[in-house]
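Colleague: Residues in the sequence shown are numbered from 1 upward in steps of one, following this note's numbering.
Everything labelled a hint here was simulated from the structure, so no lab data went into it.
The beta carbon of each residue, even a glycine, is placed where N, CA and C say it ideally should be.
Label pairs and their in silico Cβ distance ranges:
#1 Lys-82 / Pro-106: 36 to 42 Å
#2 Arg-107 / Thr-83: 36 to 42 Å
#3 Lys-82 / Phe-2: 28 to 34 Å
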Amino acid sequence: MFSAIVLFILAGIAEIGGGYLIWLWLREGKPFYWGIGGGIALALYGVFATFQTFPSFGRVYAAYGGVFVVLSVLWGWGIDKKTPDLYDWIGAGICLIGVSVMLLAPRQ
1 MFSAIVLFIL AGIAEIGGGY LIWLWLREGK PFYWGIGGGI ALALYGVFAT FQTFPSFGRV
61 YAAYGGVFVV LSVLWGWGID KKTPDLYDWI GAGICLIGVS VMLLAPRQ
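Using the sequences and the hints given, assemble the complete structure.
Modeller: Printed below as a string of structure tokens:
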């Protein structure tokens, strides 16, 4: 389970970071190579997800979606300096509960 968590975090950082670099390039006038770096990071996000050992693509991506929400709240807080409010934390917690149910449920 530790490797799954690490891969989810790496994928999240690559996806959010890549999207952020493209945002800065297109919306805030940063040089074009910021967008290229963002594109590379987004490609890495797709690669990291394939290293998950879960057999179902859909389940991996659905579970990753919950992790993505939490990482996005943390990114906004740490990088954009937008302090999450109570509802951000509650929503992120609900997402983590959903991820836990999906990944840890006993299946045959």
